[in-house]
Amino acid sequence: MSVQLSADIVVIGSGIVGALAARRLAQQGASVLILEAGPRLERARVLAAFRNSPIKGNWMAPYPPSRWAPHPIYVPKDNGYLKQAGPYPYPAEYIRAVGGTTWHWAAMAWRLVPNDVRIKSLYGVGVDWPLSYDELDPWYQEAEKLLGVAGADNTGSPRKQPFPMEPVAEPWSMRRFRERLAPAYPVVANTVARNSRGYDGRPACVGNNSCQPICPVNAQYLGINAVEAAEAAGAKVVPDAVVYRIEHEAKGRIAAVHYYSPDRAEHRVTGKTFILAANGIESPKLLLLSASDTYPTGLANSSGMVGRNLMDHPSTSLTFYADEELWLGRGPQSPSSINTLRDGPFRSQHAPYRLDFTNISQVLSVTSDLIKEGVYGAEFEKQLRWRAARQVSVKNVLEVLPNRDNRITLSSEKDAMGIPKPEAHYAIDDYTRRGAEVSKADFTRIAELMGGTGLRFSADGQYANNQHITGTMSMGNDPTTSVVDAFGRTHDHENLFICSTGVMPTAATMNSTLTAVALALRTAEHILPAKDAHATASHRGREGNLA
Amino acid sequence: MAQDRNDNVATCLASPTDLSRRRLLAGLLTAYTASLIPWALAQPAPHAYRGAFTALSAILVGRRALDAAQSSRLYNALAATHPHFPADVHALLVLISQRQIDPLNLQQVLDAEQSALAPLPRLIVTAWALGVVGSGEGARCVAYESALDAVIVADVLKPPTYAYGTYGSWTLKPR
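Which chain is which? The protein sequence lines are A and B, in order. The numbers in the first sequence follow our numbering, run straight up by one, and end at 537. The numbers in the second sequence follow our numbering, run straight up by one, and end at 490.
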């Protein structure tokens, strides 16, 4: 044991969710220690790594995994970290580094729609959440203020206070979609953590069109901004600290966590309250790894639900050529969506979805296609310009229902530190498949309205993954069917909380980050209330963990 | 075979004067290929292999002008990665010249004949257009902002990571 550390609050994981919970608790006067398995990154180096990368279509390329805290890599070759048990592949991507996976997110900071948290009651599918949309509203608002969220009121998610910022200026391409698809489909501005003006010391977007893999100018809120805010509030971050075991006392309280430094030296960190915030795969992995004689199936797992109900957002898509020059690639990557299919009585029959328009430059894609097709000579340049100006695509973002057989388990294979790798068991059910099938009619109609030619649907039965890892440590009121309560406290360990997209009981149709941040802020408030707390409802059941 | 071609080219380069280099390149071209790249004969070719590479590159990517420094850099990278690269370039240029193959049909012709040169056009166009040499784990980036895919659309788009313009400048119709 080379190091002994201690803090009031020990946070495992330095992603946007854990870091913002840490920040809030540090602001309340708690001593906060954040343990991060991966290294600290520098924006400029990530940027240079992208520019120097031979695989610019792969946004993980500028984020090579560390030896001691590997994360999944699939291109140019699967590094075998996230084992696949099937039947359907679940090639999740995430980043183990200070700041976490939002180093390269699209900054979509959506709220749910109110009915998303009641789909069992309303539609007879999935489960209900243990809290209402109204209870989430003030926490969404706080999260939006921290992240600097730009948005409009026409997205289907009600709110009581205005957005911190106006929507980001609409690219010409998206304007044309909006104009040409009306009135059949209302195209609305995405709700994003991207500055439409100078905000909180960060500049307005200048359209670098590299939101993924890296915003070069800090106009987009990243996990590293959250970490820096937590540090400014007094939290301490320990990078390269690979937590491999959570230690409990006889009666179930958590006493300490143990981590390896890269040299595999062992360290023990004690605390009063522990927050597990290491994402929807690494967190359940750690709970399962921490099995003991008292908890033989892992910590927080009396329900047997740790790692189960794995969800994400699969997508199918249509790519085509519009009949006018749109030149995707001017402005931010993810500007606009159609949100009217997120909810409705059809949810009893098939998955709802958001329809998402990309504004990612098509130059790399069409150039690669031309090379593949062997188009050379004068036609090469002519075709490159024609296609880059007109190629567009639309994808669905489909809901997946919770299913206990979709899960993360421990693999028999170990990583370089001797820690078992995570293993994914995943399938895409008929509910989601039916949603994909229904959305094809929307794809076709959208292409018609855009004068589309050269229609290319994604292959039947093939789903792209969106890296919105959800559900593996679900919240609920019933300790026999859920891992944490409505405040993120594990049912089995009174001083162990979970802040993660993994606590979301259902995945809905929207990128999960903002909801996870809102829930984490609510958890932080529950652990240690702020003087200007929003919602009295959130104080119910608080036990003063630091008292 | 490739080794033989290499030897031939090496023999041709025995007299390293500008004139002989230009004559060499001229010797590789016919009226047909010269018509595709009329500028090629007027350009100094500091190195015969490189001259042939530039000429073949110009035919493949359909450009009237190619940056000399970029050409040299790509040539070095490709020659270092692919055995017999100079000889293969020479052979493909001769093939196109003698048989007057339309660049648009070139890949089809090479594939149909199961030519050993079939992979070559894609290697060269990938290097020029995407700035990438090699494949899989051996791939490396040798150009980004100056790769042709960026250059060809530079009047409308910036390469990703470069600022498009001031906030909101992307709302305007592209010109």
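None of these hints come from the bench; they were simulated from the model. Positions of the beta carbon are idealized from the N, C-alpha and C atoms, including for glycine. A portion of the hints provided could be inaccurate.
Keeping only pairs whose Cα atoms sit at most 35 Å apart, straight-line, the calculated DSBU-like set for lysine-lysine is [unchecked claim]:
id, chain 1, residue 1, chain 2, residue 2
1, A, K430, B, K488
2, A, K135, B, K488
3, A, K150, A, K404
Quick list of the computed label-pair ranges, beta carbon to beta carbon [claimed, not checked]:
id, chain 1, residue 1, chain 2, residue 2, range
4, A, K362, B, D382, 22 to 28 Å
5, B, P398, A, G188, 52 to 58 Å
6, B, L432, A, N42, 26 to 32 Å
7, B, A454, A, S251, 51 to 57 Å
8, A, R435, B, P398, 51 to 57 Å
Structure-based check of all given hints:
1. A/K430 with B/K488: holds, 30 Å
2. A/K135 with B/K488: Roughly 32 Å separates the two Cα atoms, so the pair holds.
3. A/K150 with A/K404: Given that 35 Å is the threshold and the Cα spacing comes to 48 Å, the pair is violated.
4. A/K362 with B/D382: 22 to 28 Å: holds, 25 Å
5. B/P398 with A/G188: 52 to 58 Å: The hint (52 to 58 Å, Cβ to Cβ) holds, given that B/P398 and A/G188 are roughly 55 Å apart.
6. B/L432 with A/N42: 26 to 32 Å: holds, 30 Å
7. B/A454 with A/S251: 51 to 57 Å: violated, 33 Å
8. A/R435 with B/P398: 51 to 57 Å: Between A/R435 and B/P398, where Cβ atoms are some 53 Å apart, the hint holds.
Consistency note: the structure conflicts with the earlier hints numbered 3 and 7.
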